[in-house]
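Residues 1 to 176 (the numbering used here) make up the sequence shown, in order.
Treat the hints as calculated values from the structure; they're not laboratory data.
Just the calculated beta-carbon pair ranges, DEER-fashion:
1. D72 with V41: 25 to 33 Å
2. Q127 with H173: 19 to 27 Å
3. V79 with S146: 14 to 22 Å
4. R143 with E82: 21 to 29 Å
5. S50 with L122: 28 to 36 Å
6. A134 with A37: 18 to 26 Å
7. F123 with A37: 14 to 22 Å
Quick reminder that beta carbons are idealized off the backbone N, C-alpha and C, glycines included.
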Amino acid sequence: MTAQSPPTASLETSPPAALDAAALYQEGMIAGILGAAAVAVWFLLLDALSGRPFWTPTVLGTALFRRGAGLDAVEALPVSFEMVLMFTWVHGMLFAALGGIAARLLGHVERHPNAGFGVLLLFVVFQFGFIAAATIFAAPVLRALSAWSILVANLLAAAVMAAYLRRRHPLLHVSP
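Using the sequences and the hints given, assemble the complete structure.
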């Protein structure tokens, strides 16, 4: 009598849908991290030009982790590398998650090209919602950072993420 070993899951025997979903999430996470990096480089450039490198992530970290304590005199706020690192970590994780969602939606559009316009509309609504939420809940931050620099940062992130995902999916077709 021969002993049979229990079946093991491997990449070769995994269902293709599971592999596709994992690949999409991986692509999305990479796209998200690239988008977060674009935002970080944009604000580093703006901060360096104003003579205060890492000031923006310090302000955002203070608003997030210290509930805005110290933002009443935002110009006097010293750069804190602790705030920079904590905010950068959260920012990267959030963008990785958003990239995963975007890639998953892109996978849906690949199978259903008619859904493409809806996904694009969802992106526009999300951008508007972000600006509206920032205006309502983060007024001290918007007083410290200009709204145009935030808008440019969001557009840069979206462009970088879209370029990466477009490169990964060159045959993507969107029907109206």
